[in-house]
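Trainee: Now for the letters of each chain:
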Amino acid sequence: MALENVIETDVLVIGGGMAGCFAAVKAREQGGNVTLVDKAYVGKSGATHFSEGNFTFFNPTRSHNLDAWMEAININSEYLNNRSWGEIVLKDSYERYQDLVSLGVRFYEPDGKTYIYRSGVHEYVSMLNREYAPALRRMAVKSGVKILNRIIVGELLKQEGKIAGAVGFHTTSGDLYIFKAGAIVMAAGSSSLKSASSPTHYWTSDAEAMAYRAGAEITGKEFMWGSEPALRSVIKEREQADKKRVKSSVDVWARFPAFRAGLSGAMVNPVINAEGGPVIMAAWEAHCGRAPLYVDLDAFTPEQKEWNRHFFERMETAEPDKIGLDIFKGGKLKYSAGRLEVAQSFPGGSGIWPVNTKCATALPGLYAAGDSCATMLSGASYAGTGLGLCHASVTGARAGWGAAEYASKSEKTMIDNAELARLKKIVCAPVERQGGFSPGWVTQVLQSMAVPYFILQVKHGERLQAALVLVEFLNRHIVPKLMARDTHEWRLAQETRNMALNTEMILRASLFRTESRGGHFREDYPRRDDPAWLAWVKLKEEDGEMKVSREPIPEKWWPDLSRPYEERYPHMFPGE
Amino acid sequence: MSIKRINHKLCIGCGVCVDTCPMDVIRLDKKRKKAVIKYPEDCMLCLYCERECPVHAIYVSPEKTVPIMLSWG
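Heads up: the protein sequence lines correspond to chains U and S, in order. Just so we're aligned, residue 0 is where the first sequence starts under numbering that gives the first Met the number 0, counting upward by one. Just so we're aligned, residue 0 is where the second sequence starts under numbering that gives the first Met the number 0, counting upward by one.
Treat the hints as calculated values from the structure; they're not laboratory data. We put the CB at the ideal spot given by N, CA and C, even for glycine. Any given hint could be a false lead.
[What the hints assert, rightly or not] To give a feel for the contact side, a few chain S residues facing chain U, derived at Cβ under 7 Å:
| no. | residue |
| --- | --- |
| 1 | Pro21 |
| 2 | Asp23 |
| 3 | Leu27 |
| 4 | Tyr38 |
| 5 | Leu44 |
| 6 | Cys45 |
| 7 | Met68 |
| 8 | Ser70 |
[Said to hold, decoys possible] Some residues of chain U that are not near chain S, with every Cβ distance over 10 Å (derived):
| no. | residue |
| --- | --- |
| 9 | Ala39 |
| 10 | Tyr40 |
| 11 | Tyr107 |
| 12 | Ala298 |
| 13 | Gly330 |
| 14 | Leu491 |
| 15 | Arg562 |
[To be verified] For lysine-lysine, the following DSS-like pairs were computed, each having C-alpha atoms within a straight-line distance of at most 30 Å:
| no. | chain 1 | residue 1 | chain 2 | residue 2 |
| --- | --- | --- | --- | --- |
| 16 | U | Lys145 | S | Lys32 |
| 17 | U | Lys145 | S | Lys33 |
| 18 | U | Lys357 | U | Lys424 |
| 19 | U | Lys480 | S | Lys33 |
| 20 | U | Lys141 | U | Lys90 |
Isolated chain S, as found in the complex (with noise of 0.2 Å):
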């Protein structure tokens, strides 16, 4: 819902943000090393991602649109 983007230049892989979020938005791209939003639509607009990111590397914008659900398919 909110959650916009997390800078792969600062993100340091540390997964903080994947603990920290409470509706799994965030996962760990084990690869990559890098934090990656999986289930944005997901996101309450809690802050608490960017909030406890130690170098900054997360935005959260303050809208609160949510996309169309399908039924199926």
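Looking at chain U on its own, in the form it has when it is part of the complex (with noise of 0.2 Å):
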């Protein structure tokens, strides 16, 4: 029989990665209690393990300039990015390293110091990614936050229009969990659809998801990261080749930064097509039958080879020359893993949409941060390395501050036992069904409707609509009848259902930008159309209708008109 335990906090942390860890620890410092949950492990498992580690911070003693950094941001995140927020983030960020480095987090030191990158103009630091999760997890211990771990929140219990708590349950024992909670912070990461070339499927829009249903406002969904395809079919083949099992290859395959050819713009290392071609867009050299692409080793530039050669040597367990990965060989490279598949949304590019510099959303005492709060940072693409992590720690502090302060100030609401006794069924329900769908089979149906990249990388009106027809009868029907017939497919079902909307925000949002622009690619709009979509798309959940609306950007941050859409766009899309 499992047990129902009620735990008061005066803040919630949903989600324990880097974003979580800083929200938890300056919560904790305003002298509340803080309750950290994670739906797997705080400084273990999580997408902060997985990350390459790098983190950018602004430093004006190493002449770093604000408004050239802004503007290189500005380009890259081709004018949809929040300017505000930049220059927050940017400033704050040195704090937020200097709190890294108190704590004893190692950065990549090849000659004793530590190695700093520069990309662009930006400048960057990379954390040893084995050391950072667990240091922050040893932060947020020591400094009294009561971590809880494998246990995925379901739902947000609202009282009078304000955040009084959330409903969740223990993927292991089945317990389930009532929280009565001054704030929340949600920092429970970025979204994908699970799709089998990019192992981030810890990200299932948990956190947009129930924010949404919460009455939470969303943006930033049509933008989607193209993949980046793993090494795996590289060594798959290697390994069948020589007869010998590869050892230590996760950090060769996962995070080869050759394999970055994003939307426009973003291509790190050269790629080329099939025929030998430049690329433009990985996705729609597949459209055009010109796939697989291979990186031309030939091609690299000396900053590129030095950048890799650094890579390998701070990834420590990368050992290319056993799979016969050699850079500075020559020859090319495959670099498709043969399923051009939707990975995730941009670092702060897409989630909750945060209404003032504490990281507060729309709605009273939830708070966003991280990959969940969409401070649009980065616009409609990635703006530069390292901006990730750094965004996850600034904004993770100020949600922590902001949330500590909210629940400081508001008295305590009481819980409404109808409304909690709603929750729970909603929760509970898969678990309670004598029949309906599995989740493994409700996502796979999922992934075929929206992974194949002709829907959402090379998006087009008309697939768009159709997918949607069938992703909407999946959230109306099909996801009602999700069943669990133990606890870990209990969280499946939540899962799944938080796909299945992510799904259908990313298609709303799709249909309604009627242009192109970064990571948002539509072969029917293949232009930008400035000034018309100088905006941002909000999606709202009202009278049960996923409304969707335009958000102009201020004026003051337009590009300016009167240059030649060439200057302000250097890269053009397919069918420009």
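From the two separate chains plus the hints, produce the assembled complex.
Mentor: If you want it as structure tokens, here you go:
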């Protein structure tokens, strides 16, 4: 018989990565009780552990120039970045960097001192990726944060229009967890669709989905980070050829930097198509029958070689020689894992809309941080290496402070038992059903509707509409009948439900934006449309319907429209 | 999807792999004090467990096959 635990806390933080740990610690410093929950294990698993560890920090004493940094971000973001947030993140970043230093986090130090990378005008350092997540956990434990692992939160509890708590369960024991919280920081990461080419299956849009259902506004859903295809296929071929196991290949295939051919402009390393021609956009090459793609090892610039040399050196487990990967040898290397799939959103580029610089949302008492918080720092694209973790730490700290302040000032709301019972019923529905659909099957069906490259990467109004009809049906008819045979499947049911909602958000936002920009490419509208689409797309639930609206970008942030299009946008889309 | 085996001759039952798996694929068999692959279909091939296992008892294959899921039953 599963137990029901009731936990009262001033601040509840959902998600234990970079953003969540910073939020928890900074909230705790304000004196109240802080509880940090994660559906995996804080400091061991999850996205932070998986990241490369790059961290941008802005430091005027290193002659960093704020205007120059911002200008680079503006161009890469294709002018959809929120410049106020950009400046906040950059200005706060050095303090957060110092927090990490004081935690004892180690950085890549090839010659005994921290190596500072340059990416355009930006500079960033690289944390040792196996060490910094456990260090964040230690920081949280030391400061007196209560950590609960393997708890997935399913619904946010609202009372009189304000956040009052949350309902979740333990994915091993199946015990229910009722949280009564003064404020909640949502730091449960980004969204992906468990696609086979990207090991980011824990990102199931939990944050956005929960917040959306509770009435928050969501933005940035149309911008997709094209797949960052893995080297898995290379490894596998190699392994079969050698008839021996390739050890320690994780970072090689997963984080090999050459494999980022994003949409416009994000090309880091030289990639060519099957005919030896240039690649603007990986999915487009496949669309035209010119896949597989290759990394042209002969075309590496000295800077790119240097970058890669350092990369392999600092990722302790990367042993590229063992799998025949030698970027200094020349030749070409197969790029695509064979399925072009949508991975995730850009850091700070999609999620819950923050209404102020304390990361508060439209829902009183709900704060958002990290990839769950759509500050639109990176606008329509990924504006620079190292911004993701930097953004997570800055918004984490700010959300933590904001939530603690809110919780200390607001009176504790009495929980209405009828409302609590309603939410418990929703969360527990999958385990209480006698018949229904398995989450594994629903996820596969959803993937087959949305994951193929021609739905969410090379988009077209007709195809988006067709997918929307099916996904809507899924959300309305199938998802309410998700069934879980055990506690593990119960988690999957929550995730599937969130991913299905996420997909509908992506499709509606993508249909609404009738232009192409950054991580959003419409075959039927292949050009940027200034100034009509110098705007963000917002999604909100109203009377059970998903309402889409346009939030214009302040005119002072527009690009200089008197400059020719080609100068405003150095990267062309296919078909332009 | 990809995790293939945990060598029980080597496994010391420390539970590091259980904590390390973001997808709840591995569970600890408390009676036998061994880690067991409980939900292989949810393995996403991140290889954390293989990397973190102190005694190198885990093998994750690069295979990406996903079993056919049933809608019910």
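Trainee: Each hint: holds or not?
Mentor: Each hint, compared with the structure:
no.	hint	result
1	Pro21	4 Å, holds
2	Asp23	6 Å, holds
3	Leu27	10 Å, violated
4	Tyr38	6 Å, holds
5	Leu44	5 Å, holds
6	Cys45	4 Å, holds
7	Met68	4 Å, holds
8	Ser70	4 Å, holds
9	Ala39	4 Å, violated
10	Tyr40	4 Å, violated
11	Tyr107	18 Å, holds
12	Ala298	27 Å, holds
13	Gly330	22 Å, holds
14	Leu491	7 Å, violated
15	Arg562	44 Å, holds
16	U/Lys145 / S/Lys32	28 Å, holds
17	U/Lys145 / S/Lys33	28 Å, holds
18	U/Lys357 / U/Lys424	33 Å, violated
19	U/Lys480 / S/Lys33	35 Å, violated
20	U/Lys141 / U/Lys90	27 Å, holds
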